[in-house]
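Chemist: Spelled out from the first residue to the last, the chains are:
Number of protein chains: 2
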Amino acid sequence: MEFFTVLPLTQLSGVMPKTCTLIRAHPFKPWWQRNSKPARFRCQKMYVPGFGEASPEKKAANNMHNFFTYIAVRIVGAQLESYNTEAHKDLMEFLDKNSLNDGDKFCAALMRESPRHKGLAMRILEVRSAYCKNDFEWDNLQRLASQMADESDTKLMRDYVLETSHDPRSD
Amino acid sequence: MEFFTVLPLTQLSGVMPKTCTLIRAHPFKPWWQRNSKPARFRCQKMYVPGFGEASPEKKAANNMHNFFTYIAVRIVGAQLESYNTEAHKDLMEFLDKNSLNDGDKFCAALMRESPRHKGLAMRILEVRSAYCKNDFEWDNLQRLASQMADESDTKLMRDYVLETSHDPRSD
Numbered sequence: 001m002e003f004f005t006v007l008p009l010t011q012l013s014g015v016m017p018k019t020c021t022l023i024r025a026h027p028f029k030p031w032w033q034r035n036s037k038p039a040r041f042r043c044q045k046m047y048v049p050g051f052g053e054a055s056p057e058k059k060a061a062n063n064m065h066n067f068f069t070y071i072a073v074r075i076v077g078a079q080l081e082s083y084n085t086e087a088h089k090d091l092m093e094f095l096d097k098n099s100l101n102d103g104d105k106f107c108a109a110l111m112r113e114s115p116r117h118k119g120l121a122m123r124i125l126e127v128r129s130a131y132c133k134n135d136f137e138w139d140n141l142q143r144l145a146s147q148m149a150d151e152s153d154t155k156l157m158r159d160y161v162l163e164t165s166h167d168p169r170s171d
Numbered sequence: 001m002e003f004f005t006v007l008p009l010t011q012l013s014g015v016m017p018k019t020c021t022l023i024r025a026h027p028f029k030p031w032w033q034r035n036s037k038p039a040r041f042r043c044q045k046m047y048v049p050g051f052g053e054a055s056p057e058k059k060a061a062n063n064m065h066n067f068f069t070y071i072a073v074r075i076v077g078a079q080l081e082s083y084n085t086e087a088h089k090d091l092m093e094f095l096d097k098n099s100l101n102d103g104d105k106f107c108a109a110l111m112r113e114s115p116r117h118k119g120l121a122m123r124i125l126e127v128r129s130a131y132c133k134n135d136f137e138w139d140n141l142q143r144l145a146s147q148m149a150d151e152s153d154t155k156l157m158r159d160y161v162l163e164t165s166h167d168p169r170s171d
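Quick mapping for you: the protein sequence lines, in order, are chains A and B.
Take 1 as the starting number for the first sequence in the numbering used here and just add one per residue.
Take 1 as the starting number for the second sequence in the numbering used here and just add one per residue.
Bear in mind the hints are in silico, worked out from the structure with no lab data behind them.
Possibly wrong hints are sitting among the right ones.
Repeated chains share a single entry, so a pair holds when one copy, or any two copies, can fit it.
With a straight-line cut-off of 25 angstroms between C-alpha atoms, the simulated SDA-like cross-links for lysine to any residue are [what the hints assert, rightly or not]:
no. : residue 1 : residue 2
1   : K59       : A130
2   : K89       : K133
3   : K133      : E151
4   : K59       : N98
When you get a sec, could you build the whole thing from the sequences and use the hints?
Modeler: In structure tokens form, the structure reads like this:
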């Protein structure tokens, strides 16, 4: 599944940062008492180009949505395996023939396969929604991503230094 | 970029749910006063098979990490374009030759290209970390993903009903 499409970086027609605030020199003075200092923007966030009218958060949410469909299919598959082998077989056979890359497309096709498959699709939709809202640990995701950024930085720089530094024992 | 590898659903040797608690019938009674009720598990979360020793959160964090590298490259590219066209050209040329699918691999290769490229790589690492920790709106991601689950459910079911229902005007 494509996590994101790498757009050319030269395509910089993006949105303005979301938290830009127009700061005026004297916001409460009438105009004739104001000096000629120009209005300026105070932007607290970095400008991310190339997302058009969407945002990085929207793009990430879209991919999380597909990820949750994948998780829901796994959960339902595991539940059915033990007590409804027929439905489990139906789901596995459908999975062999259809890609899970686009979650909604997969569910739409599953609904239309047969009335039995429709039941499976409804269950997957229910599990997906419940997993996203109740089970998935969003705080944990944020903590892990932040930790990963730190650990990767350290590893990349350590590897580089070890590779390029002069070893005095080799003299 | 592969958001996740679709593992076969039959591979169900997963981890136990994270919030399973062993509940005993009389936790504070000595054993000779206890009756014979067996210990039981109270699991609040759905069992997600097939992630081995990792977790769905870890998998998602790994993909967010690569996404942040992509975002950082875009941010640095946009910053350089206006005031350091030489460095911008270096980055664009390097991007043409190297894939951004694996963020850490991309940064490691950029560091080793030349001392000038190393400066670019250090800047990308710094921006990536700052973006992940300060700029990215995690709450917004959760809200959008949850909203997307609801909207998709409604859309899928509405489309199905419209497609399969009997139109009385056609009689």
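Chemist: So, for every hint listed, does it hold in this structure?
Modeler: Status of each hint after checking the structure:
{"no.": "1", "hint": "K59 - A130", "in the structure": "both (21 angstroms within a copy, 19 angstroms between copies)"}
{"no.": "2", "hint": "K89 - K133", "in the structure": "neither (28 angstroms within a copy, 44 angstroms between copies)"}
{"no.": "3", "hint": "K133 - E151", "in the structure": "between (29 angstroms within a copy, 14 angstroms between copies)"}
{"no.": "4", "hint": "K59 - N98", "in the structure": "both (24 angstroms within a copy, 23 angstroms between copies)"}
Of the numbered hints stated above, the single one contradicted by the structure is hint 2.
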